[in-house]
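Build the complex from these two chains, which are given one at a time in their own frames, with help from the hints.
As given, the protein sequences belong to chains A and B, one line each in that order. Position 747 of the first sequence, counted from 1, bears residue number 747 in the working numbering, the numbering being contiguous throughout. Position 178 of the second sequence, counted from 1, bears residue number 178 in the working numbering, the numbering being contiguous throughout.
You may find that some hints are simply not true.
Here are the simulated lysine to aspartate or glutamate pairs, EDC-like style, with alpha carbons at most 16 Å apart [claimed, not checked]:
id, chain 1, residue 1, chain 2, residue 2
1, B, Lys162, B, Glu148
2, B, Lys162, A, Asp576
3, A, Lys844, A, Asp576
4, A, Lys844, A, Asp882
5, A, Lys618, A, Glu582
6, B, Lys162, A, Glu57
7, B, Lys162, A, Asp15
8, B, Lys162, A, Asp50
9, A, Lys508, A, Glu472
10, A, Lys337, A, Asp272
11, A, Lys508, A, Glu544
12, A, Lys844, A, Asp805
Treat the hints as calculated values from the structure; they're not laboratory data.
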Amino acid sequence: MNSGRWQRVNQIFADACDTPAPQRRAFVLRECRGDDELRTEVDSLLVAHDRAHGFLEKPACVATSVRADEARSGLTSGTRVGNFVIQRELGSGGMGQVYEAEQESPRRRVALKFVRFDRGAADLLRRFRDEAQALARVQHPGIAQVFEFGEHATEGLAHPYIAMELVNGTPITSWARERSLSRRRRIESLIRACIAVEHAHQRGVIHRDLKPGNILVTADGQPKVLDFGVARLLDADPGSATAGGQTQPGQLLGTPAYMSPEQIAGDAADVDIRSDVYALGVIAFELLVGRPPLDVEGKNLYAAATTIRDQPVTLTRVERRALGRDLQAVLLHALEKQPARRYPSAGALADDLQRVLDLQPIRARSPSGWDSFGKLVARNRIASSAAVGLLLVTAAAAVINRQFAIAAAQQRDLAQAALGAEQIARKSADETVAFLESVFAAASPNAGGKEVPDLRQLMREAVARLPELDDEPLVQARLMTTLGGVLTRLAEFDQARDLLYRALNQRKAALGESHPDLIDTVGAIAGFHTARGEHASAQQWGDELARRVAEAHGAQSEAALDALENRAAAYFYGGDHTTAIEQFTEILLRRRALHGDEHLEVAQAHANLGTTLASAGKPGDAILHLDSALAIRRRLAPQNPEIGITLQSLAQSLHQLGRRAEALQRLRERVDFQRTVVHSKHPSLAEALSDLATVLSDTNPAAAEPLLLESLQIRRESGDAHPALANVLNSLAIVHNRLGRGGEAIVELEEALRIHDRLFGPTSGQAINVSNTLSRAYQEIGNYERAEQLIDRVIAGWTTAHGPDSWQAAVAHQNKGGLLLSARAFDAADEHLAEAERIFTAIKAQNIVSVRHLQTLVADERGDFAEAARLSTDALALAAADSRVTPLQRAAMRGLAAGARLRRGETEFAAAELAAATAEICAIAGSDARDLIRPRIELADALSSLGDRPAALGEIDEALRLATRSDPPHPSAADARAIRATILADMGDLDAAVIDARASVESLSARHSELSWRLARARARLAYSIFRQSDECRGECAVLAAQAAPILRSAFNPGHAELQRLMAINRATLRR
Amino acid sequence: MSDNIQAGLPREEPEFDALFGAVYSELHAVAAAIQQRHRPISSAQTTSLVNDAYVRLVDRGIRFQDRTHFLNVAARAMRNALIDRARNALAAKRGNGATRIALHDDIAIAADEPDLLALNDALLQLAAIDPAKSRLVELRYFGGLSIEETAQVMGQSPATLKREWALARAWLYRALSDPDTRS
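If we strip away everything but chain B, and leave its shape as in the complex, we get (with noise of 0.2 Å):
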């Protein structure tokens, strides 16, 4: 499992990856949970799951710096518990060490449904270009946070972080819709 964590992300510092496991076992059981739930979830009950999540994690003796601290490390460990779950679930289907399928080739995707797997590597190339759109991306799509949560965590003004939300969104659809035209 440890290698699925560090699949691909870029490393933060030492502190940041003691925590990563410990959060991100719990997280993945919080995903596993709301994917079995067969009905749409709120933002506000996925953040209070998260939270529970923290609470557990707070009972265990791990100890953040603060929230913000657990919102970033949480954060990624949902994008991997996420990409995990993506990855198995292609295996399932494909039988093990299957190459990727192909991604849409309309431009129209359905609006709620974006591939992960896809996301997350463009993600990735996000990151190359501008770290703080990916983290943006991160803590917002992954971590479930709120546009005010989101500037709180990254310390803008959230009519700043709206503008910059609306572009790396746009950067993503872009790229998920037509991969050539990532530059």
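Okay, chain A solo, but in the shape it has when bound (with noise of 0.2 Å):
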């Protein structure tokens, strides 16, 4: 069929479609009219399009499992297999089917499980055929009975089967949860199931194949253990390549989440009564945590293995909380990676909760220090990501980038936003676990059969559903503290301040103003302020959160300790990082006392003090902290996620002392870390890329940019409107701007901002940092206006937020310093710049260097080079004496002083300074960095005064090269024009030196102001080429040379090259 006919075809089947039925027959003989292959094609489609409903509707993969199913399915109902009639199938695995047959003698229902073996070997049916007597020995009320075993002949094949007692009933886990069974009722029925296990261990019989699936609940609520050695029998067939029997309907073959590490490393010598131990662990950790231990779901075998073999189980600090350290010891003795190092038996399992039900001591204690760990890991990550931030907001503040402090106070508002959810402490009664269970039942797959829907939602539901609970406000207070803590989290700020506010309230009037259970409401509404950046009252809260824990448990108690910990960051997140490093040093000697030098709550409190440390500007006495917390951390939990974060912290720390390729090393290693020990889609993994990409950024935007990228992908796939998105956004937005792609950066930048504004509202500090950034890159590209606009929201949004003399208010001032300079307004440039030094030596604060180096640029422009020289000295000696301006910032501004002794005339001095920085920039950056264009034109306008005019044209073409590679180009392009127009002319290439000449008085007139020297120069350099062509000065040369010569002589020295151009000028003209 050609492909017109085809085309005929597609429309008129579209369009017969689109017509209703009955008349769908008259339309098809209408447009086919005489043409009855055409009707025949489009009839006969129409005819399979009715036919084909379903058809390939669901994708290939599903539709073909189905299939596979019915295929295997063998006997049907009413086939006999010696004593047993077959009523149904229950299901089918890989291994064989399961029937529900009826036994004639003695009479009763019975599942019949045959077993696949299809070679028939004698052997293996032999050893079958033992296996089955042996457990045929084992009877408990507990374990499903083993009635016999047989073999039912067809085709000439054996088939082997084992009849077995049937159950009724329902997996634990869900027969738990479907009745939203007390703590108290699930740790009961855990201990009925290892009691039935150590039965059955104590024959001999291992089960090997442990999962709710195989505990099932009967209606009189006893455990029943399924299919117990089955997996063994198993097994013992070569030809099954995969672990583990399938014997339950609905279970997936050969589920890796309940197997042992031994196990799933496919030791069969190694796997004992222990590894049944581990799985009743896995099923008791479901139950009373309610989720598994480990994330081994939708994990191909081998990165399931890695997980079960090496990522430690890990407890955050809620769940911590909701356990109690008793069952928390518990669970995690029944998890241990090592067999030796687990309850010896399912009996001693059972012995231990009892203890717990009993409120009895444990005999589970572990040296390794894991229960504190959930709480170390969730301590850790706020203290040290925000810190992060405040070191990069102080590093950045210091010098003139100014994109790099947005993207630290991004973080630190981030790091805050995580601390919400970790720092709230509460206990969750069974009550409200059943309550938000239900909620969370209510929304699943299996329910609705709709798509699992977002966390907001199931807030949005629960809030709703909160009124089912005023009859029982203390309830309802403990489930209004949980969800004011995730939604602080999730940024729903009014809702959640309205929860907690409203529980503390109903907890105050129902218990008194002192009951220790106010401490978790107390705890949260501190996250919140936290979360908030409020940090008055997130201190007033943290002082009053800890008085509370002194109180209730002891000032000398852990949990005294955890409060003073949380008080402590409150300080530093207010700011206060004097009073933080107190308080982290008398914790840190408090814990040592406590638990000697090697313990990981002591390597947490390195961690602390380090970052806070780091924070305060002590980055070398950081890294001692910061190293003595790894160096444990390695030692004692080498795959704990906290060592990330550390990590992270030290490569902050060695990146302020100006060693960055350490600081890189670490930053690359916590990337290792995160994608091999943390799951790949990880949100850490996306932090752990973003920073390494930001110090990247520095010196190789473009290597950063795939990591950003990447980072990106990570954030979108997790929602679209929370704030690490719009964090990685101006991250990227950064490093397009540095790559001199403004235009991109723009667009990502205004999303950012719309996030944030979205979720923070337009004052918020969130805003307010991406306005700074976006006002930066609108001033790249020379939309001063907007830039302007943006600049003026940050001045309002930080002076309101922290007063007039505070460090942001002068940044921002700083900031508009920097956008009038580039919109050449000197006056109200310099007006900014003294502001915001006024402020900054009002609060002594270490950020002069950068208000110096803006003031040196405005000098320089202006035409006052004394000036610009007297400051740019007095910048590197600030520069000099402060460790947070890094390199690359130090030899910008030693290129920068010495352009301002080249105008002054010191021409060998500054060709030699120039060529210095040069270099350095170019060691640092690489020689595509754009901080190389002003040195190098300064560097080539040095050596043509110089005379060395080859060696100048290679400088002045390398700095066009970099400064036309953006769009729009360098500002300092046109500069370089006139600087290479003198230079070309001097070699006796006059006319590329008048297009030279005039492209740059051309692109400088349209920028700046009759006053402007630069614009005197170019003209000056035309003038001069003009000359040098034709020997003679009048007409347009001579009225450019006047223009120049008033304004170059009050900017130049007499002598200075660029006005012996203009007098030569002059005396060849007045010869004449």
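Okay, here's the thing in structure tokens:
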């Protein structure tokens, strides 16, 4: 069929489908008038269309799995198998089928389990029979009884089967969930299951495939363990490559979630009863915590094995509090990676569970400090990533690279948001759990058949259902505390605030002012204020939290130490580093007294102190503590997530000290760590990538870009309106800015700004921060109007939020000074820079260096070269004393200072300095860095004055290459042309010189005022080029020279090369 | 295995081929995992498995231009993975080198139970007439994409795509029911 005809078929078919069925036939007849072949084609397709309902609707992998199932079913209802009559199929798996059957004598219903033996090997059958007989001797009310073993012969093959007790029950986890059982009831059923397993163990039978689907709870509440020893029987068949028996309907074959590390490693010799203990531990964890201990869902077998073998089981702070110390200890002891460190038997596990119920001391106490592990992770994350943010803020503000500051402030905000959730202390009563579970269950895919809803939606649902608990104000208050914490993390602040304060009032009304249950809510409120950046409130609530905890648990208790940590963190976020350092130092001493040196709690204390020291501008001291933290953690818990965070803090301190290579090394270690240890979609990987990219972007923005894109991808997949997404967009914008792709940067920043405006409001710190960066981006592309709008919003926002004499207000003024400099409004720029200097001096902040740098630039642009030289010398001295100024920034300042000296006439000195600065920048940032443009232009000018024209030409060509790579070109491109014009003129290439000089004058006169010395210089050089070309100066040449002369004379010293050229023209003209 | 991968399928640009091997082995594992699950799974779950595969690939340092690029590669890989499984299953049943079994001779083939190998053949013939429709089926049926996702990948409106899908499906249904009417 030719393509025109096929198009026609397409058209008629589509139209026919849109036509109501009764008219369709007539429609097709009309359309295909006279063309029978066409009509037949369309008709037959329409017939197929009507019949194809459902055809290909399910994706292939789904459809064919259903088909594979059906193909496998063998025995039909009524088939006789030995003493049994098949009733129906219960399920089937790779290993065989399970049927419900009726036994004639004794009359009972049984489960018949067929095992597939394609090869009919006699010795395998014999082994199978022996094992089955051993199983038949295990009799216990908690174990599904094996009745007999038989063989069913069909088509000349013997199909072995086992007949066992048919259990009508529900898997233990769903059973507990459906009935919203209390924790006590859950523990009681676990104990019964453990005792049953212990019974079989004592008879030498290992289960090897314990999972909720194999522990069914019957109507009378008795847990029954199914399929004892069946996994082993199936393993006896060498043809079955996958471990684990598949016997219950609805279960995934070979699900690795319940396999012990030694089991999944595939070493059969290592598997003993302690593997069953591990599986019981996983089930207990699911029952009591509500999630699997390790996330292996959806992982391939290799990844699952790695996780089970290497990843430690961790509990969040919330889960820890909910469980209590004893239950945590029991669960983690059962889940030890090494069999030798686990409970030696299921009975021992049952005993400890019973002790928890009886409030007796338990036996499981591990020396590894795991009981405080989850808490450590949570705390560490907060302190370290926040500190990183602060570090970057101070480092960045020290210099002119404002974008950096914004990225940092963003990180701090994010860290605070994370704090909200993790700092929240709360217990969860069974009722609370039940309520939340009912919310989740209603939303689960099994119940509604819909997609899994997002967390926000669940929270809305839960909040909407709160009135159901009006009769139980205490349960309601607990739940509101929980929800308030989650909503804080989701940045739903209005609702979070409402719930938390209601919870507090309700608890106070019911329990009195000083009841220990108030602690949870107070902690959540402190976390809320921290997340909002309301530091004064956060400190106040942090103090109250510490006071209440000390009252409830004693001042020396671990809980009191925890509360002290929270309080110290609040001071930390509030910027009071001195107090925070005092408090963290004391906590470190107390932790060491309590645990000795080699302990994870001590590592944590080191980490907290280290990050605080780093923020306080003491990176050297910080590194000592961070190194200690890292060393302890790597020895005690090499796979723990907190290692990634310590690496991060360490990198930041190293970076501050200018130990860039080491910093990058640590950041790369962290990315590798996150990739191998944590799930690959995990936000912490995104964070690690972003951090590495942030440091790389300083010198190698092109290498940073793919890292940020990967990070962006992770963030986008986890939802579109999260602050973290805005943060990545922000970092990406910085990179694009540095790559001279300001247009992309603006698009990214506008999206980030929209996210912040929506999440936090237009006057929020986050929105203001992005406005600041965005202002800079507009400044870069020369849209000064929009840039000024945004920067005014920043000044207003920061002045309101932090006060007119705050560090932030000063930074805002400094930034506006920089903007006005670009817009060449020098007086206004000086005003704002003076205001910034006044504030920095008043608050004794070490940020004068960046102000001085900008002031140098203003003086230089004004043509006040003496002032520029003075200011730049001062700036260099300040920079030398400030460890936060990066080498790149120092080199750029050196170049600027040399430029001022060059214009003062100190040509040789300037040339040497400029060559050195250029070499430094090249070494740090590579030969494509935009920072090279200005120093290379100045160097070319100096070299040309010194007569080294070929070298001068090389420099200026390179500068022009860099300056014209971006769109729009770098503003200095026009300057570069003026310089090149003179070099070319002196080398005799006069036509090219005139072209360059003319382009320069045109470009500068569009942007600069008549008073600009740069414009005057370009005019003078154009005049010089024309003069050299025609050997006289009249008309245009004379006009240009006359325009330039007064301005250049007032700016440059007598005898300067610029003036000498003018004089040469004048002399020659006069001579004529 | 590489023979199987390319058997009978149109080749695309070289980069596509280079990525293909890696994606194929990952998705082969996904397909195997799904088929061992004896419980129907939703398309959302399939998508999430495919997404997981994507993440694993990216983890191993394999880079795609974007998600669209990945989905294109993935759908092709999934098609091959399933076809290979079907071929192997057939070979196992018949002994190696067996000839193809006859197609359904009655018109009422079960709706969600197409013979994958026959479908694959039909799809190749459809590709000869209308490559875009073949690709559409590949994305929808083998890649497990929704109409909206497919529309995004193919750069068409969902409404247009629905009409295209209806025709592609009818054409294949007819081809599988009655091999003689294939044009």
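Now the hints, each set against the structure:
This hinted pair checks out: B/Lys162 and B/Glu148 have alpha carbons roughly 9 Å apart, not beyond 16 Å. With a C-alpha separation of about 62 Å, the suggested pairing of B/Lys162 with A/Asp576 is violated against the 16 Å cut-off. Among the hinted pairs, A/Lys844 with A/Asp576 is consistent with the structure: their alpha-carbon atoms are about 14 Å apart, no more than 16 Å. Distance restraint check for A/Lys844 and A/Asp882: the Cα-Cα separation of roughly 14 Å lies within the 16 Å cut-off, and the hinted pair is therefore satisfied.
For the proposed pair A/Lys618 and A/Glu582, the alpha carbon gap of about 14 Å is at most 16 Å, so the pair holds. Under the criterion of a C-alpha separation no larger than 16 Å, the hint pairing B/Lys162 with A/Glu57 is consistent with the structure, at around 12 Å. Between B/Lys162 and A/Asp15, the direct Cα distance comes to roughly 13 Å. Compliance with the 16 Å bound is thereby established for this hinted pair. Distance restraint check for B/Lys162 and A/Asp50: the Cα-Cα separation of roughly 15 Å lies within the 16 Å cut-off, and the hinted pair is therefore satisfied.
For the hint linking A/Lys508 to A/Glu472, the alpha-carbon distance of about 14 Å falls within 16 Å, and the restraint holds. Distance check on the hinted pair: A/Lys337 and A/Asp272 sit about 14 Å apart at the alpha-carbon level, within 16 Å; holds. This hinted pair checks out: A/Lys508 and A/Glu544 have alpha carbons roughly 14 Å apart, not beyond 16 Å. Restraint check for A/Lys844 and A/Asp805: the C-alpha separation of about 11 Å stays at or below 16 Å, so the hint holds.
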